[in-house]
Amino acid sequence: MVLAKRWLVLIGLLLSFALLVVLILESVRTPGTISGAQRLVQAEFSLHGDKGSWQPVTLPDNWHQRLPGYDGFGWYAFHVLLPEAPKDLWGIYIPQLSMNAELYINGSLTSGGGSMQGAVSRHWNLPLYFQIAPSLLHAGDNEIKIRLRGFSDGNAGLAPVFIGLDKSLFPVYRGRLLHSHELSVGAFSVNLALGLILLVWWRASSDIAFFWFASGSLLSCVYILDSFWVNAMFSHYDWRWITHGTVAWSMCFYYLFMLRMLERRVGWPERILLIYTGVGAILLRLADHVQQLSFALSLHIGGLAMVLHLIGLSCISWLRDGNRLHLWLGVYMAFVAAFGFADWVPMAFHLERNTPFVYYLGPVAFSLAVSLVLLTRFLNALDAERNFARNLRQSLEKQEEKLQEQHRLIADLEREHAVNDERIRIVRELHDGLGGHLMSALSLSEQQQNPISVNIHNALDEFRIIMDSLDAGTNVLTMLGMLRQRIEPSLEEAGISLKWNVKCKPEGMGEGPEASLHVMRIVQESVANAIRHGKAKQIALNMDESGFVIADDGSGFSADEVKRGRGLNNMEWRAKQLGARIDIQSISPGVRVKVEFMPGES
Amino acid sequence: MVRQLKVLLVEDDPLCRARLVLALDTQRELTLLADVGSVAEATVLIESDLPDVMVVDIGLPDGSGLDLIRRCKELVPNSLCLVNTVYGDEAHVLAALASGATGYLLKDAPLSDLGEAILSAVDGGAPISPSIASALLTHLQPPRDQTSFDENTHLSPRESEVLDYLARGFSRSEISDTLGISINTVSIYIKNIYRKLEVNSGKKALFEARRQGLLREGL
Chain A
1 MVLAKRWLVL IGLLLSFALL VVLILESVRT PGTISGAQRL VQAEFSLHGD KGSWQPVTLP
61 DNWHQRLPGY DGFGWYAFHV LLPEAPKDLW GIYIPQLSMN AELYINGSLT SGGGSMQGAV
121 SRHWNLPLYF QIAPSLLHAG DNEIKIRLRG FSDGNAGLAP VFIGLDKSLF PVYRGRLLHS
181 HELSVGAFSV NLALGLILLV WWRASSDIAF FWFASGSLLS CVYILDSFWV NAMFSHYDWR
241 WITHGTVAWS MCFYYLFMLR MLERRVGWPE RILLIYTGVG AILLRLADHV QQLSFALSLH
301 IGGLAMVLHL IGLSCISWLR DGNRLHLWLG VYMAFVAAFG FADWVPMAFH LERNTPFVYY
361 LGPVAFSLAV SLVLLTRFLN ALDAERNFAR NLRQSLEKQE EKLQEQHRLI ADLEREHAVN
421 DERIRIVREL HDGLGGHLMS ALSLSEQQQN PISVNIHNAL DEFRIIMDSL DAGTNVLTML
481 GMLRQRIEPS LEEAGISLKW NVKCKPEGMG EGPEASLHVM RIVQESVANA IRHGKAKQIA
541 LNMDESGFVI ADDGSGFSAD EVKRGRGLNN MEWRAKQLGA RIDIQSISPG VRVKVEFMPG
601 ES
Chain B
1 MVRQLKVLLV EDDPLCRARL VLALDTQREL TLLADVGSVA EATVLIESDL PDVMVVDIGL
61 PDGSGLDLIR RCKELVPNSL CLVNTVYGDE AHVLAALASG ATGYLLKDAP LSDLGEAILS
121 AVDGGAPISP SIASALLTHL QPPRDQTSFD ENTHLSPRES EVLDYLARGF SRSEISDTLG
181 ISINTVSIYI KNIYRKLEVN SGKKALFEAR RQGLLREGL
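Protein chains in written order, with the numbering used here: chain A, 1 to 602; chain B, 1 to 219.
The reader is advised that the hints may include incorrect statements.
Cross-link-like lysine-lysine pairs, in silico, BS3-like; alpha carbons within 30 Å at most [stated by the list, open to error]:
1. A/Lys503 / A/Lys576
2. A/Lys594 / A/Lys576
3. A/Lys503 / B/Lys191
4. A/Lys499 / B/Lys191
5. A/Lys594 / A/Lys503
6. B/Lys73 / B/Lys191
In case anyone wonders, no lab produced these hints; they're calculated from the structure.
Extracted from the complex, chain A is given alone in its bound form (with noise of 0.2 Å):
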């Protein structure tokens, strides 16, 4: 199911590019018929001008037919028959011709379309456009001559030539000229700068996939510049070798940069390639002037190829993988193919053409998808980067508060250790102190069977519940089961059991010996009251996780007795402390002391 989605979408946009490029080379299409111009297809060549013979001639006219490895001028007349003479300006509109053209009218030479000798004015994509004054021409039969420059490449010659009024035909020239000349230089100077930039970008990331794309952009540019670049200072062969040796090796890199961007095994698809491309430009350079051109078209069908296998391999990963990346630069290399071969067939095969060359489209179209491409990463990564910077700054936030907590940890810790130290004081002073006399008194008291010994014991008791209290150590469950130690054996003495259930620490009870000696004493109190007032025979303490409860089996008191209480008082308020919901019930038999705690709340 996906992977016939995926071929729907592949065929799609393979059938829009292609629909793309046909529309595209439509538009330059030279026009059949110009309003207001004549279109002059009939007309007579002769190589040496009036000194030679002239002979007739069907426009577009291809040497490499006709003259095959001719290598020079070549003269064109036409007869234009003109009822009256003209009062408007007048103008000649050469599409297309290679390499270089002067134009003789009624005998004279009225203009070129520059050098003739040497480095030739290279005239081979853009069109020629001759204003003629109206004084020129007269009523009757105007005689206009062309003399064409041409080399031995299989591409000399002239199509058919346009004479007429300069408002109608200027338009058309410049429309052609927009195409030819100015989308030239912009292909030029985007791909110029695009490979400038990756070669940046290649210094800046250290991957060679960079340093392969910008080599073929920047490579690229010297062809480009060979469509619009009119008196280029070499030789004709010199610069034909340098320009397809560079069509040749920006494939080639391309080819690199394309293999790495598909993550496909490179190895000896890439030293085929390097050794066929370096061949090809030695081979290229010492071929003949004659056979030079056909052999950089044969040495191009390699190019193709390789463009070919690379979309076949984004293709694939596409409809492998599902890798968008991989597809939109497979459509992209598709341009390159469809141009450079829109532009192939008809040089290869000779065949009469009446479009301009298309094929450096393809390079910026390339190199605008990959720009766009890293552009995506680029953003990407900096927006991960963005992301990584937010993240880090939280860690560290989150870093110095643990570390601030820390300090304050350390800082309860100290004061804690400064607490305990004097807690351990107070211990040693009372245990010696207080605790000896009190020892010392309950001995001399019991020898003289004094009653005051009850109380001495009562007070030793006491000391020992505010001693646990001091110790920050204990839990509140410990300090309870302290209590009961000391406790016990009293109850036992009165006859009243204990039944114990502590479970465990009430949850939403407060830290600390605070909380514990607010616990304890409210225990201590109800204990108290249930042996002092309710004459109890038994108690219960029961604590789990929702806090506790202190019953008891005595007489219990009235309501009145319960506000007037100040111990009860007491237990409220301490109740109050912990945060807790004490709730203090007659019941019978007994008292309920049931304390709440209500989680969050302490």
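Got chain A; can you put chain B on it based on the hints?
Structure of chain B alone, referenced to chain A:
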């Protein structure tokens, strides 16, 4: 024949000492070996008479009762040493237990209880307070890393359980009911725990530090 245990009392306060002597009188099995008020006197007696039971106050005028406990255990390994304390807190008693004491006596306990407490300690019912149980739970906690577990110094799961109940104030009989074991077994657990503390204290500087910090000035 009724067994006879020679008891040495070491207490510097004459009134308390007299009280202890009276307490011994309540139990026929306990014979007073001597009642003295200083480390020097007690040391001589330990070495010459090898007491079965020693009740000792930690803070003595000429030294620490802890040294006496160690000396006594050294000479009479089977002897029973009990610390006589007003307070019975973890800080005092734990150090004594670590030195080899079997338990403690509260100075103001009723006379009859004092005598019974000595006898029950002899029979294996070494007393243990919740705060001491809580402290033992912390000190003898087995390490998280199972490989460094030492059964001679670390608590077994069952011992931890017993100590946890003791720390919450449960009595031996309540624990035996809850865990479904005899009171005697509970006592054996406690004894083992004390033994572990003694072994452990040899390894740990903790108790020494505690002794120096808490019990200096002859407490």
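Hint by hint, which ones does this structure get wrong, listed from lowest number up?
-> none
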